[in-house]
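Chains B, C, D, E and F: place on chain A using the hints.
Protein chains: 6
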Amino acid sequence: MNQKPVLRFGLPKGSLQEATIEKMAKAGFNVSVSSRSYIPYVDDEEMEIRLIRAQEISRYVEHGYLDCGITGHDWIIENGSKVHEVGEFLFSKVSRRPARWVLCVPENSPVKSVKDLEGKRIATEVVNLTKKYLKKHGVKAEVEFSWGATEVKAHELVDAIVEVTETGSSLRANKLRIVDELLSSTPRLVANVDAWKNKWKRQKIETLSMLLKGALEAETKVGLKMNIAAANVAKLLQSLPALRNPTVSSLSQSGWVAVETIIDEHVVRELIPALKAAGAEGIIEYPLNKVVY
Amino acid sequence: MNQKPVLRFGLPKGSLQEATIEKMAKAGFNVSVSSRSYIPYVDDEEMEIRLIRAQEISRYVEHGYLDCGITGHDWIIENGSKVHEVGEFLFSKVSRRPARWVLCVPENSPVKSVKDLEGKRIATEVVNLTKKYLKKHGVKAEVEFSWGATEVKAHELVDAIVEVTETGSSLRANKLRIVDELLSSTPRLVANVDAWKNKWKRQKIETLSMLLKGALEAETKVGLKMNIAAANVAKLLQSLPALRNPTVSSLSQSGWVAVETIIDEHVVRELIPALKAAGAEGIIEYPLNKVVY
Amino acid sequence: MNQKPVLRFGLPKGSLQEATIEKMAKAGFNVSVSSRSYIPYVDDEEMEIRLIRAQEISRYVEHGYLDCGITGHDWIIENGSKVHEVGEFLFSKVSRRPARWVLCVPENSPVKSVKDLEGKRIATEVVNLTKKYLKKHGVKAEVEFSWGATEVKAHELVDAIVEVTETGSSLRANKLRIVDELLSSTPRLVANVDAWKNKWKRQKIETLSMLLKGALEAETKVGLKMNIAAANVAKLLQSLPALRNPTVSSLSQSGWVAVETIIDEHVVRELIPALKAAGAEGIIEYPLNKVVY
Amino acid sequence: MNQKPVLRFGLPKGSLQEATIEKMAKAGFNVSVSSRSYIPYVDDEEMEIRLIRAQEISRYVEHGYLDCGITGHDWIIENGSKVHEVGEFLFSKVSRRPARWVLCVPENSPVKSVKDLEGKRIATEVVNLTKKYLKKHGVKAEVEFSWGATEVKAHELVDAIVEVTETGSSLRANKLRIVDELLSSTPRLVANVDAWKNKWKRQKIETLSMLLKGALEAETKVGLKMNIAAANVAKLLQSLPALRNPTVSSLSQSGWVAVETIIDEHVVRELIPALKAAGAEGIIEYPLNKVVY
Amino acid sequence: MNQKPVLRFGLPKGSLQEATIEKMAKAGFNVSVSSRSYIPYVDDEEMEIRLIRAQEISRYVEHGYLDCGITGHDWIIENGSKVHEVGEFLFSKVSRRPARWVLCVPENSPVKSVKDLEGKRIATEVVNLTKKYLKKHGVKAEVEFSWGATEVKAHELVDAIVEVTETGSSLRANKLRIVDELLSSTPRLVANVDAWKNKWKRQKIETLSMLLKGALEAETKVGLKMNIAAANVAKLLQSLPALRNPTVSSLSQSGWVAVETIIDEHVVRELIPALKAAGAEGIIEYPLNKVVY
Amino acid sequence: MNQKPVLRFGLPKGSLQEATIEKMAKAGFNVSVSSRSYIPYVDDEEMEIRLIRAQEISRYVEHGYLDCGITGHDWIIENGSKVHEVGEFLFSKVSRRPARWVLCVPENSPVKSVKDLEGKRIATEVVNLTKKYLKKHGVKAEVEFSWGATEVKAHELVDAIVEVTETGSSLRANKLRIVDELLSSTPRLVANVDAWKNKWKRQKIETLSMLLKGALEAETKVGLKMNIAAANVAKLLQSLPALRNPTVSSLSQSGWVAVETIIDEHVVRELIPALKAAGAEGIIEYPLNKVVY
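Protein chains in written order, with the working numbering: chain A, 57 to 349; chain B, 57 to 349; chain C, 57 to 349; chain D, 57 to 349; chain E, 57 to 349; chain F, 57 to 349.
One chain only, chain A, in its complex shape (with noise of 0.2 angstroms):
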């Protein structure tokens, strides 16, 4: 007898949860979480979700108990997880910019390199990277695990610590300062190795990572489409190369064409006035579910 073939799948419970499953709604795989089971359900019946601390993610797929996971590339390295990695994502909304963890001390604090810091003592979630950081650069710290609140201790209880920051606002919020950036890390999606070579579950995990990508992008770009003037548009492509390849259509009214694109939403804030200075009409902005290239 002959059973259907299955893909584990591991995403990251906790803070990213949320954003997570709504990402992979947009996918097009539908997630629901009940408080009563720690199997959620998802629409496809050949997937298999487990939620599991991004932390711990790369550790299951390594062993083999996931097929693929999403986590961060700083688990990967900080685990040393032999694993396969597939795709990289997008970076945040909000800041555009990937994560970076950063070893910080107090604004007033002596220490100015990694040199400075033989023989203190640091905090950190990180600890396997950190002491990879501080053999590469000679120094020898005392490092230890930090269950949390990180940045408070900062100022008492340990000379300097490694944590992870975005846009570093909660750390000026600290009034900590970065000495030293170990490692900028992106989401992943990572495959176990055997489950690579195995031909149903590669495709599976291929065609999940080009939806998944898909989304992402979609949540940087937008849908922009405008009319102008036929004589007018040769200019304006030409003036404005971030207008790749439009689609141009006649409008009912004579003489006027409608231009749409996709383009990067962050661009349409300088975009929108040049558009309107070279004679473009009625622009409208739409939000998209995903971009495939």
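Check the hints yourself; a few may be wrong.
Cross-link-like lysine-lysine pairs, in silico, DSS-like; alpha carbons within 27 angstroms at most [as the list claims (entries may be wrong)]:
no. : chain 1 : residue 1 : chain 2 : residue 2
1   : B       : Lys231    : F       : Lys277
2   : B       : Lys231    : A       : Lys277
3   : C       : Lys60     : A       : Lys231
4   : F       : Lys277    : E       : Lys277
5   : D       : Lys277    : F       : Lys277
6   : A       : Lys291    : A       : Lys332
To be clear, the hints were calculated from the coordinates, so they are not data collected in a lab.
What follows is chains B, C, D, E and F alone, placed relative to chain A:
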């Protein structure tokens, strides 16, 4: 003196309330509920909204206190209400399946079919429906009304329950086994029989039904747009019948066209890899508010 | 040394905060508020955001602590602030009506007009506005500042109140009667007089205004697209002037075209039945992020 | 082999749950509810707790699934359950009044007595109780089960309601008038008839009842202690009969004694001024956990 | 016809509401607030409660809409209300200190005294109090009403603020420095001047005051009881004057007595080690509901 | 210049935080936590509080950043911290049992003893404790740190877990079986070794310990008082040794005495029926704040 006609419309209060108000907004009717008043505001002077428990709506439509309302097929049957059914709505987004009232017993119960319930006790919220079902099967059993938490009762307090489920995951979490299905139920728009005979009210209800259906339909559909070499269009459309009657527009890049269509969201995840394989580029998916055929 | 110019922009803190940040995001400016810092992050290095109570924004714009800000017309008048008004925004989505400051009394009060308030006591959050109004009508009455829950006071503590309302439903719930309207108010973007004279700041504010207006406009508009036999297009457009200047594209099915336009969302519910009647098929409505004419 | 006997005890789930568990703790039984299990923990190996809706407890006690339970007199009557009533508990702390099921109509309804309801429709949660009441008064009316928000229905959906009230303030807020009282109800401890015949169970239930009563009694009592000149004690006790059988102890200051007693909390506010007037000093009031006469 | 007299009593709405209702309950008056009615229930037919912002209570007591009310000394002064002050209550439990309105500037501000504020701008909720203070010091400065979040304004929007503080920790967290103290404020029970002349109302207010004071007093006191050899009592009492006028009772164990007294809770932590040193055993501390001297 | 000495005291942050602060208040130290500052306020100028995760407190006490702290015996062992143990506190009120770290497997696992884990993988928060335990039993297994939700992992991701439990109900809900117990743990007050040698600090810590113990002791004790005929006292005391060394006072009613004592709360439920049987009347139980022997 001629008073302005008004349509009295019942919406389900409670767990479905927020979702229904959101769908009404998509249909074009903005409803806002104040904690200080039991009559919600709606931006249509020809309509009055009442929020009533889904279990009771069909009863008040039948009595004529409401001209129409949205409720489940299950409660129309349970109440035995004589109402005109105007429309049936699409299934839930998560599972795309209707709600099902099922006869359940603990996993390890000796009960294998309804016949084994002779002389037993059953707890349920749908007492009439359950009694009718037992009668049809010639089984005599005690049916008692359950005020809630019915699933827990199956293990200790009664011999079986009749409970509603969508994906079955809550039943599995409670270690219950489905013995039989009594009824499959979807949301309906129902009208009072006399209101349906009134020309103004009927037209208003039909428009409402069309817009609501359009909004619900739109939740399961998406817009899909892609660029493709004009030479490949015919093959693309032939091999992918899901792309029904698409719009084809010329692109500024000669020899290429844009193809656009509306499609079931849940097929997108299979379709996109196929489209890529067929030569499509720059595939985008965008959300819809309404789809009216 | 040349410092980079920065625009200091005040957004209303409190009940409107979340909605304003959402609109800013639609305008293309991603703002994130941290509980640890009173300065929100915005992904534009040329801008600094401050969250300040709507009641106070015009005052700090006048003083020059802010270059510009969003606040209501009511508070600009109440504060008597000398600021440059850059733009007025559209009304709320729910009622499409401006906020109104109204003079109210209990339903059964003998007060029929402002004249009946001679020698009485009035509670309000807008003390200056109310005093000016009384003076205009030659009425002498005591006006006292109300710290909140003003509606309740009308029944016991004072003779009348001046309170803000949008749909009037909260007044009705409190059994209050509107005697007169003092002011109708919409949100405004206001600039400091000197900032407006600075070329860089003025251009930045005008772009901001255009994008915000575009985002707000988009909340009340939708895109509408439909298929129709080419033969019927002329008649359709003639009979439905709401379909201003639509895009007309050919469909793959010969003899049919796609018609697309932007339209006020609240007319859609009347328009769709008419479009169906005129032979339109496959009507879809889709959401917009920005509309800039 | 002899199994240890266990008492199965039903506590009301839902709105009364937290208060009941707090009273159980005061009675000496610490119960903790886990979101992961439907069987609460209790620190008594001879007891098993079940949380069941108050409306259903008497039914499951009657059937023998529970040995005893706490529920309202109203639901015992509504269900017509044959159970042994072990004890009645004191009224709520707020109003010191029992719950009352009352027949209500809108303030301006023409209905003045139950007789005026002939041929009308009544909504209620207690259908049996209402039918019995109508029969007793020889009135024929339709009684329909209300799933909630019954008070709102009286104004539009039915002609009258039968609803529960304690202070009447919610009825007044809904502009309802009480026409008649059907039943006054207090919480009861009820036992299964067979369990009551079992010596071990009966003794366990009686102890439970004594401790619960002691805990509830203590909620309405306080300890009162004061110093007074020995010469004034006799007069004090004579003039204040509320000070039943007090403890009198000597103070270190000669000629003075301490008087201590237990007293109804709600008379303290009248008593203290009187005590002061009678020469008492250093009056203290302290809380009690249990009072068992 | 003789109507029953009623005392209209104002309690502070908002942040202090819950605490005040709890204290009222300890004083013997059970108040319950319904979300459906603005008039709270109280179990005393001679009293009517109104919940009003603390800032406004003295004004409505002065006008006679309330017979009495609880509010802060600060708001009585700010409003300049002519009311009779019946009693002052004890300080908050946390810090045992009154609230203080203080003039603050950023830590690094050049402002060292009120004199340095000449020509500057100050934000505060207590505009009148601040103006009076400036006048007293002969300083001319602009004072503007702050609608909230005043602490944040000190850094950017104004030159100084006048804000309320208890422990100063929020000021320190905002990096503000106290320049001067304007007013120290405790809660007061105030009466309308005419109500105070009415014999029935005055007696009712005085009883209320006595009971409330008793309840508040009890929050800072505890009962203390211990066993000690009779031979050591005299020495114990002599060396520990805090043990004022204790009750001394004989124990069943001969030669030992029990000593009991009421004491300030915050001295217990120093007292207990001393009592142990003096030979006391079995020391217990118990809570009190009321203490009336 | 002589600086005032201060004791730096660590309290567990997180799930135990609120309970610990409540116990501190009972001990006589009022602590208040501000969301704006990481240093809580305490009403003792000789003390500074730090809130730190229970897992880390012993480490910072060992390093001397804290003079003392409250943490579990488990984390002291897991961290291998060299600290002076000042006192052990009573068990939780609910179960009166210590926390236990137990080795668990799924109910249907073949693992019967630790020996069966050779070559397997174990997830736990206490990696060091688990490794030491395995070494003691001569078992080689992989131990991996679990970031949370450890119970769920036992079914799929690892072969066994080491998890903490109090009543075992969460383990049962997760269908896990306890194989062995590694450690039983209670909360401890620990001091830094040097701080303990400092006379002032040691005395401060000892007082703190006495007061905290007194407060915790009081949570499991109650005061019990009853009236009884003087003739029956001797018999009562003889037959009920739980009534240790009670106070006996005369009542105003001749021939009767009041008997009062302190007793374990959890024996009250057995004691009260016995007291009634022995002739006691008017039995009252009252709560305690502190009990110091």
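Quiz prompt | Which numbered hints fail | solution = Structure breaks hints 1, 2.
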